[in-house]
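In this text, residue positions in the sequence shown follow full-length UniProt numbering: the first is 1, and each later residue adds one.
Rather than coming from a laboratory, the hints here were simulated on the basis of the structure.
In this text, a Cβ means the ideal position worked out from N, Cα and C, and glycines have one as well.
Label pairs and their in silico Cβ distance ranges:
1. R83 / D39: 36 to 46 angstroms
2. G18 / F89: 12 to 22 angstroms
3. S88 / V62: 20 to 30 angstroms
4. V62 / E82: 27 to 37 angstroms
5. T106 / Y40: 12 to 22 angstroms
6. R65 / E42: 17 to 27 angstroms
7. E84 / D59: 25 to 35 angstroms
8. D39 / E82: 38 to 48 angstroms
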Amino acid sequence: MKTKVIGTVTTYHGSEFGCLRRSRAVLITGVYKYVEHPDYDEDAADEDDVSEFGGYITDDRVLARCGGITKYDRVEVQPWIEREGRYSFVTSDPLAVDLACFAHLTETES
Numbered sequence: 001m002k003t004k005v006i007g008t009v010t011t012y013h014g015s016e017f018g019c020l021r022r023s024r025a026v027l028i029t030g031v032y033k034y035v036e037h038p039d040y041d042e043d044a045a046d047e048d049d050v051s052e053f054g055g056y057i058t059d060d061r062v063l064a065r066c067g068g069i070t071k072y073d074r075v076e077v078q079p080w081i082e083r084e085g086r087y088s089f090v091t092s093d094p095l096a097v098d099l100a101c102f103a104h105l106t107e108t109e110s
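Using the sequences and the accompanying hints, generate a full structural model.
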């Protein structure tokens with residue numbers, strides 16, 4: 001498992017967020033655990049219980065204790081705004097596997 005996730009700069013290669021495809025880089029700011037898992041129930045999820053479905057994690061140590069990144073996670077990112085030389089204050093939450101640093105998860109997890 002990758003030890004540093006929060007604060008990682010990577011690129012987006014998905015099709016869900018056109019605005020992220022236009023960005024040269026994205027900054028990872030958080031992880032929504034298991035929200036794409038077939039057993040995830042949004043109505044039953046407790047965002048404060050990060051060990052279960054739907055938890056929002058912003059700390060690498062907590063993320064490691066919860067098993068790291070999986071193909072069922074969404075990752076909160078801030079796109080780089082080239083003309084302003086900064087990351088956007090607006091975030092998006094693409095699938096983890098749509099980020100270059102986690103693309104390998106589609107092949108290694110069942």
